[in-house]
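Novice: Chains as they are written, first to last, in the numbering used here: chain A, 1 to 282; chain B, 1 to 129.
Since the hints were derived computationally from the structure, they do not count as laboratory data.
You may find that some hints are simply not true.
[To be verified] Below, simulated SDA-like cross-link-like pairs (lysine to any residue); rule was C-alpha separation at most 20 Å, straight line: (1) B:Lys41 - A:Tyr77; (2) A:Lys133 - A:Ile241; (3) B:Lys32 - A:Tyr280; (4) B:Lys41 - A:Tyr41; (5) A:Lys133 - A:Lys80; (6) B:Lys35 - B:Thr117; (7) B:Lys32 - B:Glu86; (8) B:Lys41 - A:Gln185; (9) B:Lys41 - A:Phe191; (10) B:Lys35 - A:Tyr239; (11) B:Lys32 - B:Thr117; (12) B:Lys41 - A:Gly210; (13) B:Lys41 - A:Ile241; (14) B:Lys32 - A:Arg187; (15) B:Lys41 - A:Ala233; (16) B:Lys35 - A:Ile241; (17) A:Lys80 - A:Val108; (18) B:Lys41 - A:Phe42; (19) B:Lys41 - A:Trp245; (20) B:Lys41 - A:Gln182; (21) B:Lys35 - A:Ser242; (22) B:Lys41 - A:Gly75; (23) B:Lys35 - B:Tyr85; (24) B:Lys41 - A:Ala281; (25) B:Lys41 - A:Asp38; (26) B:Lys41 - A:His244.
Computed from a prediction, not measured in an experiment: that's the story for all the values here.
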Amino acid sequence: MNLLRLAALLFWLLSPLSKAEDIARDLRGNGAAPNHNDGGYFELGFGAAYVVDPFVAERKDCHSRTVCPSLIASGAYRYKGAFIELADATYDGLNLGYGLWDNEHWAVDILAMNLFGEASNDDRTSDDPERQKDLALIQRSRAFIGTGTRITGYFGNTIVQLRWVGDISGNHGAAGSLRLGQSWQYRNWNFHGVVSADWLSRKATNYWIGVTPAESTQRFPAYQTDGSTYFSAEAGVTYPISDHWVGRTYLRYSALPSQVSQSPLMDEHYALVLTATVSYAF
Amino acid sequence: MPFKGVLATLLLGLLSGALWAQEESGAQLAAKPNKCIALRKGQACYQTVNFYWRTPAEGDYCLYAEGQSAPLHCWQGAGAPPLRYEFVGQQSQTFVIRSAQGVRLTQLDLVVAWVYTSGRRDSGGWRLF
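Construct all of the structure, not just a fragment, from the sequences and the given hints.
Specialist: Structure (structure tokens):
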């Protein structure tokens, strides 16, 4: 698996499983209060990540449960209320939206477009029709393009966020999340923790982990389930190395409900990411 | 030159990366590091700073954080730098050496910088498309 594939995997793991300004960015850097000033930032980073990928996968390199190099690009820009965001270690993925209203403690944003998930990586093919169907399932797109809203509350070092997005196409359902984040500062070390509950509609759940009768194979029998909810916890620390360099590490664990982990497309009952990165902020 | 004076001179010579301040008085003040980095604007920044100085052999001197009436440290003649100081602040701070007569001999700025300069909107309210 090349770095782009790894980035795509991390992007998936860090988005749908988990979801202000991205709460991750709020807690790790730019948060503490609604920030709707014009301007932004851009970061490029590198590091290493240990990932437990719950999906069945066939990779040439950088397997699940191994430490792999990671490349990170993140940024955000706001202008007259409109924003674009792609946060490092995101809960959100890519957001295009508009800050509708805010006061001292609360911010209401419209998410005109939210993109998260992993695009199809159908670079492997087989002449065997059954094998080709297996590969199509393993490599199918899990990208989700939605629109919705989020409400974020800032209370000192505590952030609470409620978020809902519905798939633009109407075929992939809806997703919602409730998150509670807390940050602490010890000298120049910035610690944070997040607990999350994520809900996926029936359509969304089956979009990611379902197998229709038409897609089914001997290896991956048909599997459909109801809407699902899963819970995640994250802890991490961020340190300003210089006025442009930032070091970060965090651990995120997501427990998958049995209805998800029992899907033939899943081979783990949890997802885990442990990562350490150094980023340059432009 | 007394040993302490030689030592101070050597240390000052080694502080090529430190911020220097020298006035006509002949006093010199340096700090290493001379910058404190916090993650985001508005946070308190913490930094252990070593102050080095050279002052005339005669006289009484004190180091002040500008805006504070109490000195951080006082000495006679060359004194015995460095002074280890625990800086905590949200903004850049000026440090000053004054003589016993209160004459300002030299000063330097300890700069507070941030990686993220997030701001906070002054006022909220509904936005219209």
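Novice: Decide, hint by hint, whether the structure agrees.
Specialist: Okay, the hints, checked on the actual structure:
1. B:Lys41 - A:Tyr77: Since the Cα atoms of B:Lys41 and A:Tyr77 sit roughly 17 Å apart, the hinted pair holds (cutoff 20 Å).
2. A:Lys133 - A:Ile241: violated, 48 Å
3. B:Lys32 - A:Tyr280: With a Cα-Cα distance of about 24 Å, the restraint between B:Lys32 and A:Tyr280 is violated, given a limit of 20 Å.
4. B:Lys41 - A:Tyr41: At roughly 14 Å apart (the allowed maximum being 20 Å), A:Tyr41 and B:Lys41 satisfy the hint.
5. A:Lys133 - A:Lys80: With a Cα-Cα distance of about 48 Å, the restraint between A:Lys133 and A:Lys80 is violated, given a limit of 20 Å.
6. B:Lys35 - B:Thr117: With Cα atoms ~16 Å apart, B:Lys35 and B:Thr117 stay inside 20 Å; holds.
7. B:Lys32 - B:Glu86: holds, 12 Å
8. B:Lys41 - A:Gln185: Measuring from Cα to Cα gives roughly 13 Å; hence the hint holds.
9. B:Lys41 - A:Phe191: Between B:Lys41 and A:Phe191 the Cα gap is close to 16 Å, so the pair holds against 20 Å.
10. B:Lys35 - A:Tyr239: holds, 15 Å
11. B:Lys32 - B:Thr117: Violated, at about 24 Å.
12. B:Lys41 - A:Gly210: Measuring from Cα to Cα gives roughly 46 Å; hence the hint is violated.
13. B:Lys41 - A:Ile241: The given pair, whose Cα atoms are some 15 Å apart, holds under the 20 Å limit.
14. B:Lys32 - A:Arg187: Since the Cα atoms of B:Lys32 and A:Arg187 sit roughly 18 Å apart, the hinted pair holds (cutoff 20 Å).
15. B:Lys41 - A:Ala233: violated, 27 Å
16. B:Lys35 - A:Ile241: Satisfied, since the Cα-Cα distance of roughly 12 Å is no more than 20 Å.
17. A:Lys80 - A:Val108: Distance ~15 Å between A:Lys80 and A:Val108 Cα, so the pair holds.
18. B:Lys41 - A:Phe42: Measuring from Cα to Cα gives roughly 17 Å; hence the hint holds.
19. B:Lys41 - A:Trp245: Holds: B:Lys41 and A:Trp245 sit about 15 Å apart, inside 20 Å.
20. B:Lys41 - A:Gln182: holds, 18 Å
21. B:Lys35 - A:Ser242: The hint holds at about 9 Å.
22. B:Lys41 - A:Gly75: holds, 17 Å
23. B:Lys35 - B:Tyr85: holds, 13 Å
24. B:Lys41 - A:Ala281: holds, 14 Å
25. B:Lys41 - A:Asp38: holds, 15 Å
26. B:Lys41 - A:His244: Roughly 13 Å separates the two Cα atoms, so the pair holds.
In terms of the numbered hints stated before, the structure departs from hints 2, 3, 5, 11, 12 and 15, listed from lowest to highest.
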